[in-house]
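So the protein lines, in turn, are chains A, B, C, D, E, F, G and H.
So the first sequence is residues 1 to 254, counted in our numbering.
So the second sequence is residues 1001 to 1254, counted in our numbering.
So the third sequence is residues 2001 to 2254, counted in our numbering.
So the fourth sequence is residues 3001 to 3254, counted in our numbering.
So the fifth sequence is residues 4001 to 4254, counted in our numbering.
So the sixth sequence is residues 5001 to 5254, counted in our numbering.
So the seventh sequence is residues 6001 to 6254, counted in our numbering.
So the eighth sequence is residues 7001 to 7254, counted in our numbering.
Derived by calculation from the structure, the hints in this document are not laboratory data.
Each hint should be verified, as a subset may be incorrect.
Unchecked claim - Straight-line C-alpha distance at most 27 Å; calculated DSS-like pairs for lysine-lysine:
1) H:Lys7059 x F:Lys5059
2) A:Lys70 x A:Lys59
3) A:Lys59 x G:Lys6059
4) D:Lys3059 x B:Lys1059
5) A:Lys59 x C:Lys2059
6) C:Lys2026 x F:Lys5026
7) D:Lys3026 x A:Lys26
As the list claims (entries may be wrong) - Calculated Cβ distances over 12 Å to all of chain F for the following chain D residues:
8) Thr3007
9) Ser3019
10) Asn3069
11) Ile3072
12) Ser3210
Ideal Cβ placement from N, Cα and C applies to all residues, glycine included.
Number of protein chains: 8
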Amino acid sequence: MNKNRLTRILRNLQRGDISVDDATDKLTHFVDEDISFATIDHHRSLRKGFPEVIFGEGKTSDQIIGILNKMIPQEEVVLATRVDTEKARCILSAIPMCRYDEEARMIIWAPHTPEPTGHGTVLVLSAGTSDIPVAREALLTAQYMGNRVQAVFDVGVAGIHRLLSQRDALERATVIIVVAGMEGALPSVVAGMVNTPVIAVPTSIGYGVSLGGKTALYGMLSSCSSNIAVVNIDNGFGAGYMASSINHISISAS
Amino acid sequence: MNKNRLTRILRNLQRGDISVDDATDKLTHFVDEDISFATIDHHRSLRKGFPEVIFGEGKTSDQIIGILNKMIPQEEVVLATRVDTEKARCILSAIPMCRYDEEARMIIWAPHTPEPTGHGTVLVLSAGTSDIPVAREALLTAQYMGNRVQAVFDVGVAGIHRLLSQRDALERATVIIVVAGMEGALPSVVAGMVNTPVIAVPTSIGYGVSLGGKTALYGMLSSCSSNIAVVNIDNGFGAGYMASSINHISISAS
Amino acid sequence: MNKNRLTRILRNLQRGDISVDDATDKLTHFVDEDISFATIDHHRSLRKGFPEVIFGEGKTSDQIIGILNKMIPQEEVVLATRVDTEKARCILSAIPMCRYDEEARMIIWAPHTPEPTGHGTVLVLSAGTSDIPVAREALLTAQYMGNRVQAVFDVGVAGIHRLLSQRDALERATVIIVVAGMEGALPSVVAGMVNTPVIAVPTSIGYGVSLGGKTALYGMLSSCSSNIAVVNIDNGFGAGYMASSINHISISAS
Amino acid sequence: MNKNRLTRILRNLQRGDISVDDATDKLTHFVDEDISFATIDHHRSLRKGFPEVIFGEGKTSDQIIGILNKMIPQEEVVLATRVDTEKARCILSAIPMCRYDEEARMIIWAPHTPEPTGHGTVLVLSAGTSDIPVAREALLTAQYMGNRVQAVFDVGVAGIHRLLSQRDALERATVIIVVAGMEGALPSVVAGMVNTPVIAVPTSIGYGVSLGGKTALYGMLSSCSSNIAVVNIDNGFGAGYMASSINHISISAS
Amino acid sequence: MNKNRLTRILRNLQRGDISVDDATDKLTHFVDEDISFATIDHHRSLRKGFPEVIFGEGKTSDQIIGILNKMIPQEEVVLATRVDTEKARCILSAIPMCRYDEEARMIIWAPHTPEPTGHGTVLVLSAGTSDIPVAREALLTAQYMGNRVQAVFDVGVAGIHRLLSQRDALERATVIIVVAGMEGALPSVVAGMVNTPVIAVPTSIGYGVSLGGKTALYGMLSSCSSNIAVVNIDNGFGAGYMASSINHISISAS
Amino acid sequence: MNKNRLTRILRNLQRGDISVDDATDKLTHFVDEDISFATIDHHRSLRKGFPEVIFGEGKTSDQIIGILNKMIPQEEVVLATRVDTEKARCILSAIPMCRYDEEARMIIWAPHTPEPTGHGTVLVLSAGTSDIPVAREALLTAQYMGNRVQAVFDVGVAGIHRLLSQRDALERATVIIVVAGMEGALPSVVAGMVNTPVIAVPTSIGYGVSLGGKTALYGMLSSCSSNIAVVNIDNGFGAGYMASSINHISISAS
Amino acid sequence: MNKNRLTRILRNLQRGDISVDDATDKLTHFVDEDISFATIDHHRSLRKGFPEVIFGEGKTSDQIIGILNKMIPQEEVVLATRVDTEKARCILSAIPMCRYDEEARMIIWAPHTPEPTGHGTVLVLSAGTSDIPVAREALLTAQYMGNRVQAVFDVGVAGIHRLLSQRDALERATVIIVVAGMEGALPSVVAGMVNTPVIAVPTSIGYGVSLGGKTALYGMLSSCSSNIAVVNIDNGFGAGYMASSINHISISAS
Amino acid sequence: MNKNRLTRILRNLQRGDISVDDATDKLTHFVDEDISFATIDHHRSLRKGFPEVIFGEGKTSDQIIGILNKMIPQEEVVLATRVDTEKARCILSAIPMCRYDEEARMIIWAPHTPEPTGHGTVLVLSAGTSDIPVAREALLTAQYMGNRVQAVFDVGVAGIHRLLSQRDALERATVIIVVAGMEGALPSVVAGMVNTPVIAVPTSIGYGVSLGGKTALYGMLSSCSSNIAVVNIDNGFGAGYMASSINHISISAS
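Work out the full structure: start from the sequences and follow the hints.
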């Protein structure tokens, strides 16, 4: 479209319908628009099939329904995160095509589950049972962004043998997401066992000097293993998104 | 070796040279060793050609020389990070085969630069000139771990056009490392322009409420872009290592 | 009144009705009162047409109604900030001449919208949709303090092209207010594009290490651009007030 | 120059020397360059006569000399901040045209003091004698950016009468910079006395819970006066820059 | 009583009724009791007429009633602080002899207001209207501990003239309590005007970087005036108690 | 002087040399000056014999000598705090009339030790041997402000019996200063044993989570005893000053 | 069982039923299982009679009932901590064999109180009445883990004589748990009186700079006594568990 | 001695040499002394053979020599911690009977190594090589307090197999000290493998958000294992002392 417009201006100039000054003027205004156009288009093509997400916390169910109704006609997958059971009920009764994953506290709209398009499997590990909501948010995000996914929950460091017995799963994975609260020690141990990129997700689980997840966060950033990078506290969505982005890296020829 | 030993025990049992009780006993002690063996072996094979690193800060040049002398015979690449000019002089006079990159404050021992083995290019961006040491530490780490690398320094957000003019480099990269201090805003802008995984590295550059890099760190973790994960403040080595780990992910057939 | 009293004392002295000692004594006590008088008068003349503001948070609707009723007869504009929908309903039914701006959560009493008296336009930019209440509080404050205002919302740094397409508005403004939560990167980018004074307003939008707005605040204070100054978290009113104060600076002859 | 190039392309098309496709291609590549060009040009014109600044802390005198030598041919004013006496001596012996203000710890290169171009006077107040270096950095920055300046130092709140006796200076100023450490109470008191915009600068002066200036910073941000905005701790340069930017706002006709 | 028991043991020994060993044994056990006795007695005599206090926050009205019923028969004054209106209603209907001061959120049981026994007057100043509950808690505590009290509320530093007009009250006071939230600047200004001991009470009033009163607290501790000491955030009771303790210091002859 | 000027104006008016308008005008300008005059005079009379203090930290010995030379002719006592041994040597050789208290790190200039003018004795307690410099700074400050003083050092809570054996000293004191680092528990215990006002001084002694004195400070502010108020970390001077101010409270007749 | 399986494999090899390769393969897989087995078995035997615990906070009564029903058949003691009165009512009506300790906010299921198996007595001290819930949680945990226990509540440092009168109990104890909020000074004093290991438990009791228990925590960690170690804020369960672990240490022969 | 004095008084009374009043008076004064006596004696007997310790940091070698010379005649073991190499040289040349452990940075004076008197073995584990100084300080403290000790250094969680291979040592120990910096995850893993009491020691090793050891400290306090208690950052001495205190608990008969 925009390209058409550029061509049209140039044709008009070529044909002598407009002067060089007119063309200069039109093109000068065209620059900014063009940037927007280019960037949006570029984004859209890259994001094809990737979910748009609504951060549900602090929004009313009416607001979420409104946004969903605007997005659904234009997208292939829409996710709403941090939606509690009560809000979910309202949303589902308004938009019955959505489904609600209670554990992940997520509303999902997707006519069909996306085919896996990534290079390998995204493995999601979590330490304690209270970390499962965040872990499952990561899992579903990765899945709906076109990744084969696997989950191994409840493998905390206080019972290290449970983790050791999962060595096969660890070695088969292409990217590993590790979700942990309290002291947040699991990612260090996991990253020491493999050479795969590890996305660490601190959770706000804990009390006292757990500091609402900051202790886990700082521990993960201070890890003595090096194949680790970290996302914000409770940011399961971000971890799933980053893991998908890793699992879809471009493989250049040279 | 270890496998040989296992086979030997079993052969001895098979041949009747030892009893079942003897074999049980030997195997019981074998388990722990075996774990170590397995894990070490596993690690070693994965790490082939990957650099061992010495954290130079707080170590004397004598200590660094000692560790280098122990490692060099066993490794293909050895890096020592955070080595100042004076220490470097001592180390180079003791081990002349090493070379010193003053900007990155790194001692490098490598008989030959490793061949790129990763899937694509690791691009390192940095915001201010003071961020260059950390950026270059990331760059060299990635390079010596077998990655094609590219550097674009000094593209801070206060002059956004300099970043925009690098769009080609951004789009060609497979993984992007973004190094920034002060308000740490660059990774958000970069990650909004591409769909590639972005490793954000906060630096301790700044004063007052820059809080020695914590403001940049928190900003990066709070980013409104989602294809971002973060490493510890000034951790150029970790960023290079994580980027390499992403650039070498296993590509499964299915 | 007070001036009258001073004159009266001096006249009495002139007429010989009181002695120098008496006058000295009276004047000594007069000093303190005079200060209050002078300062209040001075303030009042400066503030003419400027809104008085009631901080609504933590006050009951009854308390707000009480204060409004005391202020309205004496002021030309009265604003009450941080008033939620429910309280607003009570207030409006008690004082129907007020109007309520739901987005800005503001109660406004003003017989007529003030004429713009400032030197130019106050532009209010905001990053995310959740930042709009604070942005609009700034906008209305500036407007009711006698400023021409313009709003451009939802121009976050993760989609930098949207900001670039607003270059005209940026360049036409005399003062710019930039409202942003999370990593708070927008003011740096904006201030790098213009030479206008920028008032940065961090918001408490975000979670985890957004730290209730402190990460945005610190980022703004650490900005690598220099034509920026910052107000407290969520302080839209203060930003509007400061912007108005800038837009009304005295232009001296020399 | 760039405009010439655009005209040339369009002329070539008009003349039939190139095809529409060629023109499209050239223009597409032209976009990015044009952005850089436009922004740089724009900046340069705005910044005319405004000082470039070198943050001297953490740089060696050799590094500062190097940067100065590169900048001096292209600029009208160059400032280097946070330069201690010893470094200054080295710099002055290398570049004798510079002068050194010891109190402000600033190196200044300027063939002639800039004429005041701002609308009025920038007044700099400071609380304690230890705050003077930061206050003077603000003062000189404002002066070399083309502002009439005035300084009133040592008017802390613990002797409120000293401040009160400066009421005339306060009322004559167009912008006021207030520099204070420890409890940072001065800006609140000053802003309560005038209606002028106040730029508050916290300093790192103090000990114990002064927290290196954070207590003053937080106090200024929490001020009960509203015509205040704040810059980073010890950021005298930024305050002078922001004050100048306010003192040079565009005065639109309408 | 205890002295009687000591005398009895010694008499028994003197009379030969018990042996030295028995006496030693009895006296050894006597030591601990004696300490308790001495200390309790000592305390009681010191505290005569001083109020016992119940910290009401986090206690149910039933719990408060229970404690009041136990204390009232033994004390001359009992105060319960931080009691909200609803709890107060329950308590008053159970113990009608109590009275409730709504502003101070205090339940007071005292058959008659204590006579002032201190050396002079305790003056309570407060900065903002929201600081009044804490200020009034301090006032009533001091009053019920036997002090002549005076209150001057709403004299914040943003309108310094209101404070200046209270110079007489300031100079007449023997101890001054200054209650302020937000930037907490008032105690510095007050302490600079007098030489009387000033007890500074930070309040949790404010938002953003007011940090729930910590900014005011740190500011007061960092004050550039020296006749200031500080109590915990919102601790009106403590301030009143400390002021009373100062107003009742022992005046030794020598 | 100033009074003379007031009288002169009034006389001129009385004599008819100036009009009422002239007098009004002169008096209006006179007000500000008068305030300064009054306040300074007032201060001076109150502070008679009270030491002026120079905060020596961060000042060179030359700077301290300069200030001392300016102050000595005008004051009866001058103190310089936080002066290390080396600086002290320089100062004493320049101004031999000064003496240096090495333990307190204080330079003292006083022709003769001031007579005690306070109501009773200021007792200074300290917990550990490392707290002695701060304790002694408090002691000397109080002494040179005209207070009878007593010191009991090294009575930490980990050996509670040493404190108990000082009960006599505790009970005889009119004001008690308690200096403690690490966990800062001593003031709570002391204040529980007496009814005297206790000034608590946290010190920066400790490591790890002692947080440079903040743990002691917070502990003291959170004390379960109520006759306590607190000064800034290591602020021995402030504690001595506040104690003196308490020990000199005005005793009103009524 | 597992040993049997190992023996079976080796026997099969010995008998020639399987080849060395088969045995190698089976043993390789056996390793991981063996680790798990060993660890689990080991744990179970150690934990015999020790309570399993459910952290009740943030769980619904239904969830707690579900977990209890799964655990009760397999355990000898099950505890659920941080259960409020309302949830407790639901749980007891569903599982009437449980009992609820309201003060400790604990649900206890145990067919019979465990016999004391530890070496001596665990003494639990607490400072204020508000600390009792945490203290009692520690007490019951220790008791149900097989320890003789004793409680002395309400012995805060502000009334040191109450503590001193408990010297006998202190000296008889084998391990002492000290629970305190606010300034958290009690453990220092207690540990200075005995040589027994002291487990310090900070509580979240307090306000202002008590920082939700962090001030008590830091104070305890900074204690000048050395026979102290600390657990997380409000972690009564952990303190009881650690104390039991100390009271059950293995006594080796040599 | 003191007991003798008590007996003497009582004998004098019994013999009629003094009156009951005289005895009462003498005994009243005796009480305080007795407390001191009792406590000191009690302490001394408990501490027999236990080292006295000098915290060497911030003390000059002269000061340490002075304290050592005072202590050596009265003690059986004296330790000085945190003594650097240079100070150690001075001390050893002054007091040649001392020895210096360079790794532990400890000066030790002990005529002969104490016999182990504890119930079992104290095992000291450490995570990284940089943690060894703190670990060795713990080890030597425990050893010189009469404990059999064992050290296993360099078993960090990033290579979990090294820890697993030490299972025997873990199970044989009576108390385990775990020393770790950075993320501080090791104690959680260790405590999950055994039922022995674990003393966790965070170290200040790390950078960025390691926060000088606070991240490790908070992680250890937030551990999901329960047989853990924690000491201050870098407090190797305290850990050794606490471990010894556990290893010497009294074993009561009943």
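Structure-based check of each hint:
The hinted pair formed by Lys7059 of chain H and Lys5059 of chain F meets the criterion: a straight-line CA distance of about 24 Å does not exceed 27 Å. This hinted pair checks out: Lys70 of chain A and Lys59 of chain A have alpha carbons roughly 16 Å apart, not beyond 27 Å. Simply put, Lys59 of chain A and Lys6059 of chain G have alpha-carbon atoms about 24 Å apart, close enough for the 27 Å limit, and the pair holds. Taking the CA atoms of Lys3059 of chain D and Lys1059 of chain B, the gap is about 24 Å. The hint holds against a cut of 27 Å.
For the hint linking Lys59 of chain A to Lys2059 of chain C, the alpha-carbon distance of about 24 Å falls within 27 Å, and the restraint holds. Of the pairs offered as hints, the one joining Lys2026 of chain C and Lys5026 of chain F holds, with about 16 Å between alpha carbons and a cut-off of 27 Å not exceeded. Taking the CA atoms of Lys3026 of chain D and Lys26 of chain A, the gap is near 16 Å; set against the 27 Å cutoff, the hint holds. No beta-carbon of chain F is positioned within 12 Å of the beta-carbon of Thr3007 of chain D; the least distance is around 62 Å.
The claim that Ser3019 of chain D lies off the interface holds: its Cβ sits roughly 72 Å from the closest Cβ of chain F, which is beyond the 12 Å cut-off. Look at Asn3069 of chain D: its CB is around 32 Å from the nearest CB on chain F, clear of 12 Å, so calling it non-interface holds up. With a minimum CB-CB distance of about 33 Å to chain F, Ile3072 of chain D clears the 12 Å threshold, and the non-interface call stands. Listed as outside the interface, Ser3210 of chain D is inconsistent with that label: its C-beta sits roughly 8 Å from the nearest C-beta of chain F, within the 12 Å cut-off.
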